[in-house]
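Student: Turn these sequences into a full structure, and let the hints steer you where they fit.
Protein chains in written order, with the numbering used here: chain X, 6 to 150; chain D, 6 to 150.
Please note that a few of the clues may not be correct.
No distinction is drawn between identical chains; accordingly, a pair holds when it is met within one copy or between any pair of copies.
[As the list claims (entries may be wrong)] Subject to a maximum C-alpha distance of 27 Å in a straight line, what follows is the list of computed BS3-like cross-link-like pairs (lysine-lysine):
| no. | residue 1 | residue 2 |
| --- | --- | --- |
| 1 | K15 | K120 |
| 2 | K120 | K101 |
| 3 | K101 | K15 |
| 4 | K120 | K141 |
| 5 | K101 | K141 |
| 6 | K120 | K9 |
| 7 | K24 | K120 |
| 8 | K141 | K9 |
| 9 | K24 | K141 |
| 10 | K15 | K141 |
In short, the hints are calculated from the structure, not lab data.
2 protein chains.
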Amino acid sequence: MNYKAILSQKGYRLSAPRKQIIELLEVADVALSPQQIHNQLQQNGSALGLVSVYRTLGLLTELGLVTILYDPQLNPGYVLRTQGHHHHIVCQNCHKALEFPATNDIDSLVERVEKQTSFQVRDHLLQLFGLCPDCKQPDSKGVLS
Amino acid sequence: MNYKAILSQKGYRLSAPRKQIIELLEVADVALSPQQIHNQLQQNGSALGLVSVYRTLGLLTELGLVTILYDPQLNPGYVLRTQGHHHHIVCQNCHKALEFPATNDIDSLVERVEKQTSFQVRDHLLQLFGLCPDCKQPDSKGVLS
DNA sequence: TTCCTTATTGAAAATTCTTTTCAATTAGAA
DNA sequence: TTCTAATTGAAAAGAATTTTCAATAAGGAA
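Tutor: As structure tokens, then:
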């Protein structure tokens, strides 16, 4: 991941808090709320303040390095974004989040909506919800919600 | 709108607060936050408490009568939902929100993702962002954000 | 390497958002 | 009209997020 390049290119410093948060998100397989990030870093022995978590997430979002996931069952959570246009699919049972590449599948939908509504479409938010391979098996992880 | 039927069918009463909030959402063309709903009702002379706004929105969401819109520039806002499967498109300039009917445009995308990820897709969140007819005209509503 | 400047952090407090509690009220059935 | 349970309002509690400002530290310059 080239987050170091992106930070310094924009004149931001590569501080310990930023490094820690990015590295935590890199190994997380679920979207994490600011609280959760703070908790996990504390458990890893870091003294990072919650305020810094908020600030860092704000910056990383601005830089396009992370993005918010809106799981209706949860508070908004943050996940790392890789290069290129992606969306996410989230497990409704264990909340595992996975990125998948966008293709032009929705171009025709966008065209249709532009015709129907006279809006000019410039962006979209697409998140899929369902069951991950593990939770599809009814007996593997307990009761489905 | 048949919200009265839906409420009483499920054993809920048709109280004044519920009526007021639904009627406000019926004429709103932007998604409204609980705060905004409270403010607007107060201006209309209602003494409705903010707490009741939260409670009512929670109930109406549960009943499928309203839905949350996640405009990244704004706090989450609520809009009325009509019968059937719809999505929303939101103006990035004036935040006007419009419902449009879902079609099977995204079925092939869902199929593809199921194959690629081995998730079973059960739901999705799709919101488009762009410029409404009024705001497409560069000189009509001022500077674009 | 050491120094210096300025971005960044931490801690506390302020603010805002949302939920809980419980007594008073009211919708709607009897 | 009366009665009862659902609903509301007000206050308070609890979370989430932002602001402020002095202390710290990153990274370029000497």
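Student: Next, verify each hint and record whether it holds.
Tutor: Results of checking the hints against the structure:
no.: 1; hint: K15 / K120; result: neither (39 Å within a copy, 38 Å between copies)
no.: 2; hint: K120 / K101; result: between (36 Å within a copy, 17 Å between copies)
no.: 3; hint: K101 / K15; result: neither (32 Å within a copy, 33 Å between copies)
no.: 4; hint: K120 / K141; result: between (38 Å within a copy, 14 Å between copies)
no.: 5; hint: K101 / K141; result: within (13 Å within a copy, 39 Å between copies)
no.: 6; hint: K120 / K9; result: neither (42 Å within a copy, 34 Å between copies)
no.: 7; hint: K24 / K120; result: neither (45 Å within a copy, 34 Å between copies)
no.: 8; hint: K141 / K9; result: neither (38 Å within a copy, 38 Å between copies)
no.: 9; hint: K24 / K141; result: neither (35 Å within a copy, 41 Å between copies)
no.: 10; hint: K15 / K141; result: neither (43 Å within a copy, 31 Å between copies)
In this structure, the hints that do not hold are numbers 1, 3, 6, 7, 8, 9, 10, in rising order.
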